[in-house]
Each structure stands twice: as structure tokens, then as C-alpha cells.
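Got two chains here, each in a separate frame; can you build the complex from them with the hints?
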Amino acid sequence: MFGGIHHVGLLLTSEQIITMAPDTSSATAGKKLGSLKHWRNLGQNSLALWGECQGSALYQVRVELSSLTLHCSCPSRKLPCKHSLGLLLIAATFPTNIPVTEPPEWVSTWLAKRTATSKRKEKSEAQPASPTGKPSAAQLKNAEKRLLLVQQGIERLDLWLNDLIRNGLASVETKPMTFWENQKAQMQDAQAPGLALRIQRLAAIPHASADWPAKLLAQLGLLALLTQAFHRLSQLDASLQEDVRQLVGWTLKEEEVAQRGERMNDEWLTLGQLVEEGERGFTQRIWLLGLSSQRAALLSQFALNRASFPQLYLLGVQQRATLVYWPSASPCRALLEMREGEAVPLRRRFAAFKTLEDFLADVSACLARQPWQDRFLCTLQDAIPTYISDRWWLCDRTGHALPLGGEAHWRLLALAGGMPIDFAGEWDGEKLTPLGMLVDERYYTL
Amino acid sequence: MDAIVTAAILGTGQYPVLHVKTGTPVDALTSQLPSDETERTFLLTAGAWALYFQAGHVAAPAPTLPSPAPSEQLAACSPEGELLMESLLRGEHGELLSEALQRLQQAQLRLPPTLLPLALDYGTRSTALRAALFCVLGERGRWLSQFNKAWSWVAQFLPISDDDASLHKTEPLWDEGTLGQRCELLLRWRARNPALARERLQAVWKMEKADARTKLLATLEHNLSPEDEPFLETTLDDRADSVRTLAASLLKRIPSSALTQRMIARADALLDYSQGTLMITLPQDLHLSRKEKRDGIEDSPRGANVQAWYLLQVLPFVPPSHWEARFCLSPDELIHAAHSTEWEDQLAQSWLQATIRFSAQSWIAPLWQWCHQHPGSAATHQALAEHMISQEVAEHYVQQMPPGTPEWNAVLPLLPSPWSADFGLAYLDALRTFVTTLTSAAYQQSYEWYPQSNPWYQSLSVAVHALPAACFPTALRPWTVPDLEEDVADQQLSTRREVWQQELQRFTEILHIRQRIVKEFV
Chain E
1 MFGGIHHVGL LLTSEQIITM APDTSSATAG KKLGSLKHWR NLGQNSLALW
51 GECQGSALYQ VRVELSSLTL HCSCPSRKLP CKHSLGLLLI AATFPTNIPV
101 TEPPEWVSTW LAKRTATSKR KEKSEAQPAS PTGKPSAAQL KNAEKRLLLV
151 QQGIERLDLW LNDLIRNGLA SVETKPMTFW ENQKAQMQDA QAPGLALRIQ
201 RLAAIPHASA DWPAKLLAQL GLLALLTQAF HRLSQLDASL QEDVRQLVGW
251 TLKEEEVAQR GERMNDEWLT LGQLVEEGER GFTQRIWLLG LSSQRAALLS
301 QFALNRASFP QLYLLGVQQR ATLVYWPSAS PCRALLEMRE GEAVPLRRRF
351 AAFKTLEDFL ADVSACLARQ PWQDRFLCTL QDAIPTYISD RWWLCDRTGH
401 ALPLGGEAHW RLLALAGGMP IDFAGEWDGE KLTPLGMLVD ERYYTL
Chain S
1 MDAIVTAAIL GTGQYPVLHV KTGTPVDALT SQLPSDETER TFLLTAGAWA
51 LYFQAGHVAA PAPTLPSPAP SEQLAACSPE GELLMESLLR GEHGELLSEA
101 LQRLQQAQLR LPPTLLPLAL DYGTRSTALR AALFCVLGER GRWLSQFNKA
151 WSWVAQFLPI SDDDASLHKT EPLWDEGTLG QRCELLLRWR ARNPALARER
201 LQAVWKMEKA DARTKLLATL EHNLSPEDEP FLETTLDDRA DSVRTLAASL
251 LKRIPSSALT QRMIARADAL LDYSQGTLMI TLPQDLHLSR KEKRDGIEDS
301 PRGANVQAWY LLQVLPFVPP SHWEARFCLS PDELIHAAHS TEWEDQLAQS
351 WLQATIRFSA QSWIAPLWQW CHQHPGSAAT HQALAEHMIS QEVAEHYVQQ
401 MPPGTPEWNA VLPLLPSPWS ADFGLAYLDA LRTFVTTLTS AAYQQSYEWY
451 PQSNPWYQSL SVAVHALPAA CFPTALRPWT VPDLEEDVAD QQLSTRREVW
501 QQELQRFTEI LHIRQRIVKE FV
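Chains E and S supply the protein sequences, listed in that same order. Quick note on numbering: my numbering labels position 359 of the first sequence as 359, and the sequence is numbered without any gaps. Quick note on numbering: my numbering labels position 23 of the second sequence as 23, and the sequence is numbered without any gaps.
Isolated chain S, as found in the complex (with noise of 0.2 Å):
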């Protein structure tokens, strides 16, 4: 410290200093100052000395600087689209930020470097998004990522292309990358060369964490294949929870695996079929055994029907094709044998289960007439969720049904999206016409138009979404609820109507965002 500050903490009553030197140029000034005033010359002192430093200031040595980011390889969006993203970004309308984000990943654009805190910040909140989002980062994103600890899920995610030729000069990257990023590339790998895939997990195996080996033995789902089976058949026994359950299952998705063998075995023991019946035997009680547990089945949840839990835990990984070949019948056949059974939604179910687990292409359409004939079970809505049909009939099936009923809104929002142009555009026929009855007297009918009951109110806001751009034009011409009659003046129905008014107002401007969206990243 220098000492004319230690000689002001003191104070110059206790430590009398006569023109305190600065040990600077100053001091030359201040030699003049009265010696009889030695408080003032101290201060003024002070304020030289001051001066003399401030005016003097220099600039520090500026630390080493890292590498500047690399030039960008995707062109920007327009300044228009950076609107449109700003806004999506901060948090309006947000749901549309998925369907934006893709869009400007197929138009092969990336975000602006303004934008790029929002996104990470918005990344760092959202985990659901953050492919989305690392796609559309740049260049410059990425490397802006590596200086806030918070943008570190960045690095989890690969920046190389998928093409063969990057693929090679990998090694580096699978020695040391992220978990994030050596997934991926055991993914790539896995399309490329499953064997070569498996054969690198197998040789770094023994030395990853459980959380590693978990994520890492995932990607084994892809091309997965009886050639899989004997190292899986080592990952049973895994140290961790996760990795043995993981297991299991990959297993069971191999048809010819040991382990499916034994399922096959123990749903063998609980079907048969003579004289054109089909014979269910079931346990009353379930006592699991270690072999059994080993190989994924668990224990029934408290209140459950501990047969029916049983049966959904064996069935759905039998291959369908093996019921064929034991019973000699048709999948329909097999089908209809069941209707005279007391379990015959969870033998549906179950089949169903394994018809996509197996891709049992001959199961499909038998199945599908199943679920006509039973529309509200669990198995049909799993046939939807699932995709197990193509997007074609799933539509076909649902425009079967009455629109505007409770069951009509329930398979609504498991049909893929976005949905065909043609089933779009029935369905903005059929809600043109419903808005058309929505008078006071229908308001006054019956609690179904209570608005947020309705199952057309409900199902806007699964339309908003799945609505396809073919349609935008005609979604968009304008929506009016009749309005009410002169002489009622009931406050109760002018709020429904309100409300039916709001909604519709919102369905709207939501299709013009959207519209914004596919015409701003082409």
C-alpha cells in the first residue's frame, strides 16, 4: 500500500506528516503547497496524486486468447425468421418452437449469433429440445457453449457429419469424448457395421461406469440381431440394475435367444388348444424365481389381477409366428379362437405386443379387424400409438367414427402427425359445420357444450399442431360462433360463447405463427 494512504488510515493528527511524498512527478507540485496547513496540503496532496494516477491509467496485458470460432457452414435464417425465433425462444407460443426448430434443420439454416444465448439458456431448461436445438446451433454456438459451465450439455452431442468418410477419423473422439458423444457415434457405427459396433463396446466394456453402460448398451436396439446375443447373454448378470433389465429386454426382442426360448416354454405352458377351443391356464399365485426375475419379469403391482399381469409379462415376447406353427391355424383363426376366452382383450393386447416387437407382418391385419370390432379398448389405442398401421388406414379408421364423441377425441391425438391433407381437411368440414349449431339454445341443451368438455374444444388444440401447411389456407378463413339471439340475455351463455370465441381466436393465431414458420425456413 503506498504510504500516503497508510499515513491518511492513520490520520496526520496521530502520525503529523509534512508534505507526504507520493513518490511520484507529483511531489514536485507539492513540495510548493503551505507547510502550515497540513491537513489541505495532505488532501490536495491526496487529489495530485490522484489525478496523477487516473490520467495515467494503462491498459493490463491482455490474457491469452482462445481460438476464434470456426466460419459457419449453414447460412442464417432471415432477419424475419429471427424474429419469429426470438419470440419462440422467449417463450411465447413455445410449443411451436419444436416444429421451428425442425424446419430450419431440413432448410439447412442455423440461428444468428444474437440469438444464441436464448438458445442455449433455453437448452440448459429443456432437455426435450436439445437435439433440436444443437442442430441449429452453428458454429459459432458451439464454440460459444465451451465458456458458461451451463451449456455444457453442448458437448454431449456429436458435430460431425453421418458420412462414412468423418466416420473413420473417430478414434480420438471415442476415446475421449462425452458419453453424449460416444453414444452417437456407437449409433452411426451401429447403422454402418452392427458387428464392428458391438466388438468396440465389448472391448472398452469392463471399464465404463453403470450409468455408461447402460446408455452405451442401448444403442445395441439398433440392428439388433441373434449375432447380439451371446455378449448380451454375459450383460445379464451386470453389476447394475439398469444394465440387467436393459438386457433382458434386447433379448427378448431376438427371436431366437435363449432367453426368448424360455419365454416360449412358459407361454407354452399357459396356452393350448384342442378341438377348437383354446385353453388358458393361469397361476393363482406368483411366486417368481430367480431365473424368472433374471429374465425381466417382475413382480405385480399391489391391486393388480395378479393372472391378467402374468399373462402380459410372458405373451407379448412369444413371436407371434411360433402360436402358428404349434397350433396349425391362421392368425385369424387364432384370433377368433380367442373370442371364447375369458381373457381376450389381454391375449389381444398381447399379441398386438409382439406383432410389433417380432414385425409379424401377417398379424397385422387380422389384429387391425380386432380393434374395429372392439374400438375403445387399450389394445386398439396401442395400435395407433404405435404406428403397427400405416398412416392411411389409421386416418381411414378414425373418420369411421362419429366426430365430436368422447371416443372420437381419444384416438385423436395418437394419430401421427402431421396429419394427410385429406383428413385435414374433413376435419376442418366437420368443425365448420359443428360451429354453425353452436346457438343459444344448444348452449342451453345440455352440459356437453359446456365449452372445455366438448370434446370439439378439445380437440383444437391437438388440430392446431397436427393440421398440415396444405390446409393452412383454408384453416385460416374466418371463424365465427353465431352469435346470440336478440332476446337472450343470459350472462352465463354469453360466457360460453365467449369462451368458444377465445378459443377459436387462438386456434387461429396459432396456424398464422405456423404459417410464419414454414414460410420464413425453406
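One chain only, chain E, in its complex shape (with noise of 0.2 Å):
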């Protein structure tokens, strides 16, 4: 009844293999794909599952069942391709057309190789890496001199925000961009990314919004304790200080995350997705949720478009996996270092907070941790979304509500039928973002 792939590896219905389109064209022609007249050489074994489609050109593609990385020949740059989205489609509606055979060489030399890739990287990480082992003298002498820009940086923009607070925040209104990119141009230039980031994030605060002082007046509070905060690095504790330096631009490989940072190992649900526009590019942020430990963790990647995220992610699957977090006072972000097990559709009630004001106070106790934390995920238990007078708000069992930020959310309040439901979102300190919403043991990513 439910289309699924049925072995070991995924459990997959066709309606989730839609939502991994990257785009609704490509959703359509991933569609058109999946009807066995254009497949060829189907064939599937314990790790891989592949197929050979006839489109302008013939095509051959192969998926690895364990971590779903998809690969295809034909030139497309969209992830997935629509040959790829045909085969899982054909793998879920029609899995018996599907023969247990030998692979063929190009699925079997595909497979040699990324064993191959993973076993280097093991080894890699094994041995230890020179960075923490050893710097040679150069990266000493670099790093110093790194730091001594930061610092002199951070002493300019010390004065420059003293300045700025001097003249009051009226005089802020008129004036023109280059304002603000100066100052930012000059963060860069001290190799600081982050404060020059923070930098940008001001200039677009006046007039933003009716209560907009208050706003500015704020994050320029907040960016002078951080400058504070640096200036103290060595009297806090390791790690904040790893958060400090983070934030100020320093960034961490993922290899160095992959030694200093915390491990889980958990069952995690893949709550949703949140794509956000930049000026370089797209960043993409996926939610996670330990299902024992009931930890968050958010997974970051970024793109110069919309299609082409470098790592494939499920929405709205369980399985079993290894993340790593950067080091943090209130560790957030993470890595995905290893998938176990099969990925498993979403249908079981998951830990959320039962009321807001738990929630709230959740947010409160990682504040005390890293005051300088924007976003946090929400879980919420037996909650209604509700819309009146022309705004959204999500409403909890105690009769307590947060704004949902964004608009039309139709299909939310469709599913929910003023019922409650569990749900999941992402809160920025003024708004919730929906990510998805469990109801009837079923999960719906929004």
C-alpha cells in the first residue's frame, strides 16, 4: 500500500523521495522518470542500487544505500539529478522489477572508490594531525600575526563604536552605507569575518522596523561584550573561549572539529530545513534532534545556488549516526561523521517541551551559556497554530503563544485542523520559523 524500497538500506516512500527534489522542476521530471520504460540494467544488492536511464544520452546511476549518496553521469548540477529521483521512485513503486544481481563494473568500481575515500579519511583522523601535534614555525609566526590584526581591529572598532554611541543613534539614521561598509571593509582587512558580518547585520537595522532604536541599540551592546569578551579570552572558561573566537572569525576545519568536539552517538531525527539568501550564496540549516539524549543539533552547509548543497539530507527520517559538535559553552552546530542503520520515516511522538515557558527557559539556560546564541530550535508538545486578525501565532496547552514569522502558512494550519500536533520550529529571539509537524504518526516537513 505504502510504496517503499524494501531491504536494507532505506525505507523510503515515493512521497518522501519528491520532497528531495531541490526544485519543483525538477520534482516533475524526477516523476516522469520513474515509469520503467526509460530504465535499463536495474539491479540492487546489499550496498548499492542502481540502473541505467535513457534520456538525451544514457545515463548511469548509482546510489549507496547506507548514506544515500547518489551518483549520476549525466552533466547536471542539481542534487538530485532527475535520473536520480526516477530510480529511487522506481526502486519505491516498483521494488520487485528490481533483480538481486552481481553489480556491474561501473557500480562496483564506484563502490571500491568510496570505500576506498572513507578508509583514507579514517586513517587521516586516526593519526595525529600536525596542527595540534606540532605547528611548524611558519603557522606560529602566521597565527601571531593573525592575532595581533584581530586585536588592533578590535581596538578601532572599540572606538569606532564609542563614537557612534557618543553621537547618539539619531545621527545613525542619515547616515549613507558606506558608513557601515567601511567599518566592515576594515574588520575583513583584520581578518575578522565574524565582527564584520555582525558589522553588516547593523547596517540593515534602521527603519527596519518601527521600534528599530531599541533593536541597534541592543546588538550594539551585544557586539561590544563580545569585544570585551576578547579582550578577557584567557579569564574564561575554554569553552567560551572557543565560542569568542569563533565568533570573531577564527574557523575551525573539520578535522580539528572532528578532534576536539563533543561526540554523540544517538538515534537523530531530521526535523526540517531552512534555506536563508546571502550575498555570496545560499546557506542552508538543517535541524536535528537526539532522540535519547534530546539534545539539538544544526547542520550547516552552504551554496552558490539553491540546487546544488553539496550533502544530501533526509527530512523527517530517524537513524542512528555519529554527529560531532564545534567545540561550545552551548554546543550547536555539527557535523554528520557516520550514518548506522537504515533511515527510518519519522512517526513516533519525539521529546519536545510540553509548554513555552519550558522552552523558554531552555533558551534562557543556553543565553547563560553563550550569550551570544541567535538561533535555537523549538519543540513543542500538543501545540495549536492559529490564525487571527491577520497573524500567525502558535499556541501552546497553557494558552501561551509565539508569533510564527513568515506568512500563508495554509498548509500547516490545514494539517493541524486546529488540533493539536507536535511541533517543530526555529526560534530567532522575535519569531518562530515552522520546520515540520508530527500528527497521526506522520511527519510533514513545512
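No lab work stands behind these hints: they were computed from the structure. Note that CB positions come from ideal geometry on N, CA and C, so glycine has one too. One or more hints might be untrue.
What the hints assert, rightly or not - Partial list, computed: chain E residues near chain S (C-beta under 10 Å):
id : residue
1  : K31
2  : T93
3  : R166
4  : K215
5  : L220
6  : L223
7  : F359
8  : L360
9  : W393
10 : C395
11 : P403
12 : G418
13 : M419
14 : Y444
Here you go:
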């Protein structure tokens, strides 16, 4: 009744496969290729699934089942491409038409290469990497140089902030864009891109809302707290030091995160994703929740255009995996180190806050640990979304509500029907952005 | 506004503030900041203040919640059905949406909640499908529509079922419902108790606006009888144009009404019969009197033949039985007599319309016989389009025509849909034979083979919707257009072949989807 891929690896329904499409034209094209007449040499084994699709040329598609890695020989940059979608749909709707056979050479070579790469990765992780072992003289010198630049940059920033507050926010109203952009450029030159980003965000505040002076003051204050923390870095806890360094602009490579970060193995639920457009491209945020640990985690990736994020994540599924958090006083961002077992559609009620008060208390606790955190995963049991007097609200069972950001949450309203559901969303201090909801043992991403 | 914000707007230079008070516990901390760094201390205080409020954010009290949606009475369609409906609602092969919605309704299924916003938006854009969409919205869909003004069209439909018990409880709806709902109510009452429906309408008549009066009056079309005549006569002088026209057309359908008697009188002046010939006297010019206009006779449009126009304004409103009585002739004889006049076509058309209007059973066969002898006439097409004859008879008629001709293609769309299985199979058979004749020699021979103007090509878009489910297996057997011969390399010819192939492929694709629709919604 529910089409599914019935074997080791994945249990996906056609609906879920369609949601993986990066845009509607891919979804349509993928559906068209989901009929057997386009496919030849279909096959599967315990590791992979494959087939050849007759499009404008003959394309070879391979799927590695445990990680849902897709590879197609077509030139499209979209991930997943329409041929990959088509193959997954075939597997979901006509499972018996895919015989279990020996993989052809082009599949086994690909699988072998992938195991080699992952072995290499594991090997390099097992060996002590040189950065923390014995940094070379050149690396030390560069680090010193950068530290000096940043310190000087921050000193100038503090002076600039003092000037700003001395003249008053009223004077900011008439300032041209260059006022902000010059300071931003200075911070970039000082190798403090994190601070440059904060200044860019400051620039957007004047006149963006009725209460902009209060908002601007708040952000300026937080920025001052940050530079203050930087001045006193050695006096902070080690984990908070990591946060401050990252906020100023030092980044960690994934290998470093893998070494220093906190590991967490759990059944992780992918609750949903948000994509934001920035100056240079698109940022994707995917929120996860650990089933037993009840820890939230954020996967983040960047791409130049919407349809080509490097890593593909299934939404609305539960899978055992190991995540590694970026070192932080309030760990949030993580990377996915290893998946184990099947990805199963999320059906059971997940541990969520019972009231908004509980959730906001948790937010306070996070802020107490890391004051500059600005995004939080909100999960709420028995929540009722509603639309009254042109405003969207999410109400909890105690009669309190938080505003929903954005507009036209009709699907959310339709699925809930005024009854309590389990809700997941992202809170930014002012509004909730819906990620997904669980209704009648089925998880819908929004 | 907080004191700290005011101070910030003015600036610490203007208004030197030492240890600005935020009025919160934060002050205990910030009072420890150095006093000699005014700006820095101010900023740090602002930071602490901001953080205090962020961490202390409290959720607002919730607004009063509207009542939740009532529980559903119909079952939702299957997940595969959901996928299918989603692609139809998004516009893929949207012309099949009507069929899909019908089948959903017949199967007593509803759309799943996740598709409701899509369906409601569709109804906002397309008025034609609103009734069909309404039937599959379920309780959740109707509940949802209250939140969005664009979806207010849903309120025009009646959410109660069509049985006696629920109809008794409809007083509040009649008094306060939307116009659409009240019209539907009237229709249902009219089906059971026409007199009661008319009385209810009469009771509120004077208070209704023109638009409402027109729509409500139109419901009297059902179960129209001479009893309705007195009321209708009064509405013949209504203030609104639309109401007057409607009243006239309704009265013209009652054979015994005064209006019809007046029409008969006018017609009697036109037609006479003596010594085996039918004589027709038509006025040269048309100067309509006020009485004639009141009775619904319209001015002729510019360029139209005035006499033919007048004939068609009067004659169709005379019950055919009148002529049988007056001239003591049978329908056959009357039709035969028309042959020798110069107005044969118009007479046939008029009598045809009159036959349909007054359900004159004895005229159907003779008129149809006449149609057989005059295949391309307007009357024939009207007979088919109005379903004057049974589907069997209509299909038989069309089957007598040689397929693939323009005349055949003209009547094909007029047949009732879906076709009978026999007719469908015969069509497919002839189509297959035709496709085998698509050789390069054929492409070259005449303009007819230019695909889009070929009647067979045009018939495909009619057939794809009219073929019944029983014919699907036959229709879905592969269609192959013959390959061009080896030595023929003409670009034009291969383009024509391409066009045929694509159209046949589209034909197959749409039939596949129709097959899925039949399979899923059962």
C-alpha cells in the first residue's frame, strides 16, 4: 500500500522521495522518469542500487544505500538530479522489478573507490594531525600575525563604537551605507570576518521596524560585550573561548572539529531545513534532535545556488548516527560523522517541550552559557497553530503563544485543523519559523 | 521607551549619563563598571540589558482559539491517489482534473489535508470546478476556508446532505445563508415540493436585490408547471432586466401559459396550410411593439436576415402538438410539407427546439429522420448537442459517417461523453487502420496529411477524454507511426511524422493518467 524500498538500507516512500527534489521542475522531471520504460539494467544488492536511464543519452545512476549517496553520470549540477530521483521512485513503486544481482563493473568500481576514500579519511583521523601536534614555525608566526591584526582591528572597532554612542543613534539615521561598509571592510582587513558580518547586520537595522533604535542599541551592546570578552579571553572558560574565537572569525576545519568536538551517538531525527539567501550564496540549516539525549544539533552548509548543496540530507527521518559538535559552551552546530543503519520515516512522538515556558527557560539556560547564540530549536508538544486578525500564532497547552514568522502557513493550519500537534521550528528571539510537524504518526516538513 | 534607549538616541555626548539605570537587576552588575569610560560602560550596560530581556522573554497570552475542525465523514484517498491529485492540482494535465474530482466524489473520498490549500487556491482561480472541488474538501477543507478571504467561494455551497431529515432543519440557512446556499436549498425543496419552494420565494421576493432575485428565480426551472404561472406573470414586469428576461423564458416553457398562447397567436399568423402546401408569411421589417419585447422577443442583430430571425424568435416557443391539432397533420407530414418552402432549415431548427422544450416525444423520430437527410445542418448539430436522441442512436448516426472526414470530426465532440465501449472500440480500430496508412507517399500526396489540419489528428483530443475505461487496454497498445522509407530524406516529411508521433504519445500519456485515476479512486 505504501510503496517502499524493501531491503537493507532505506525505507522510503514515494512522497518522501519527491520532497528530496531541489525544485519543482526536478520533481516533475523525476516523476516522469519514475516509469520502467526509461530504465535498463536495473539491479540491487546489499550495498547499492543502480540502473541506466535513457534520456538524451544513456546515463548511469548509482545509489549507495547506507548513506544515500547518489551518483549520476549526467552533467546536471543539481543534487539529486532527475535521473537519481527517477531511480529512487522506481525502487519505491516497483521494488520487484529490480533484481538482486552482481553489480556491473561501473557500479563495483564506484563502490570500491568510495570505501577507499572513507578508509583514507578514517586513517587520517586516527593519525595525530600536525596542527595540534607540532605546529611548524611558519604556522606559529602566521597565527601570531593574525592575532595582532585582530587585536588592532578590535581596538579600532571599540573606538568606532564609542563614537557612535557618543553621537547618538539619531545621528545614525542619516548615515550613508558607506558608514557601515567602511567599518565592515576594516574588520575584514583585520581578519575578523565574524565581526564584519555583525556590522553588516547592524547596517540593516535602522528603519527596518518601528522599534529599530532599541534593536540597534541591543546589537551594539552585544557587540561591545563580544569585544570585551575577546579582551579577557584567557579568563574565560575554555569552551566559551572557543565560541568567542569563532564569533570573531576564526574557523575550524572539519578535521579539527572531529578531534576536539564532543561526539554524540544517538538516534537522530531530521526535523526540517531552512534556506537563507545571503550576499554570496545560500546557507542551508538543518535541525536535528537526538531521541534519547534530547540534544539539538544544527547542520549547516553553503552553496552558490539553491539546487546544489554538496550533501544531501533526508528530512523527516530517524537514523542512528554519530555527530560531532563544534566546541562551544552551548554546543549547537555539528557535523555528521557517520551514519549507521536504516533511515526510517519519523512516526513516533519525539521528546519535545511541553510548554512554551519550558522552552523559553531552556533558551535562557543556553544564553547563560553562550550569550551570543541567536537561533534555537523549538519543539513543542500539543501545539495549536492559528491565524487570527492577520497574525499567525503557535499556541501551547497552557494558553501562551509565540508569533510565527513568514506568511501563509496554510498547509500547517490545514494539517493541524485546530487540533494539537507536535511542532518543530526555529526561534530567533522574535519569531518562530516552522520546520515540520507530526500529525497522526506522520511527519510533514513545512 | 526605556530610558536607556532614549539616552542612546540622544547620545552620551549630549546627555552624559553615568551608570544609566535599566531598572532591572542588571544594574547591580553594571554599577561596578568603571566610571571614567562613559561610552564603553554605556555600551556594556546596553549589552547586559539586551541579554537580560532576551533571556527573560515570556510568551504572550494566546488569542482565543476558534473551534477546531469537525471530524471527517469521508475517507481520505490513498497515498498514490494523493500524489496523482497533487500533480493534477498543480496543473499537469489539468484537463483531467474534472474527471478525477468526479471519481473521487463517486467513491466517497476526500482530499487529504495537505492538499487542501492547493485545492482551495484552484477553486479561487477556476469557477468552473468549484462545485466539484467543494464535494471533496471534507470537513477540514470547509473549516480551513474561513481563514482566507480568497477562499470565500466555499461558503456559497451547501454543506448539508440531500435527505429529508436535514432539509427540515434549514430555516436558519434560508434566512441567513449565502446566496449560493439559498439557491441550492431552493433547488432541493423544488425537487420535493415545488409549490412550497415557490411560496418561500414569493415570501421574500420584495426584499431581495436584483442579482439575488435572478439567481433565485432561476431555480423555478426545475419542476416547472402551470401553477408557477401566476407568480411568473408578476415578475414579468420586474425592475431588473435580467429578471424580466428570465421570467419570459420560463413562461415560454409552460405550454398553457398566457405568454405561450400569445406566441401561438403570433405563430398562427405566420404559418398556414392549405391544399397540401405550407405557406409562410413573414414581416418585411421588424418593429417590435412593447408587448412583443415584454414577451421576450429580441431585436435582430445587424446583418442578420430579419425574416429568418423573427421565425426563430417565435416558432420554437410553440408546442409542436399545436400544429398537429390545427392542421390535422402528423409530424411526418408537417416535416415533409416544410420541404417545399424556402424556410425549410429554419422550420426544422424551430421545431427541433420546440420538441426539446416541450418534450414532444412523437416528433423526435421524424425530426431525426430529417437530420439524416441533411447531415451538416445546424439543426442536426443541435439535436446531437442537446441530447435529443439517446446515446445509442447518436453513436449509430455518427458511425454511419465515413471516419476521418471534416464532417465526422465536426460531430464527434457533440456526442455524449463517455462513449459507449462499442463505439470506442470501433473508433480505435479505425484509428489504427489510419495510422498504418501514414507512409511517406501519403505525406507527400496532399495537404490533408499536414498533421494539425487532419480530422483524425483533431479527433485525438476529443477521443482521449471520451474513451470509456473499458477501452483503455485496447487504446494503450503501442502506437507506432510507420518509418519513412530508406531513400526518403526530406526534412518536411520527417517533421510531419514527428508531429504524429508526438500527438500519439501525448494521447497514450493522458490515457495512462486516466487509467491511474480510475484505479486509485474506487
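Against the structure shown, which of the earlier numbered hints fail to hold, in ascending order?
none
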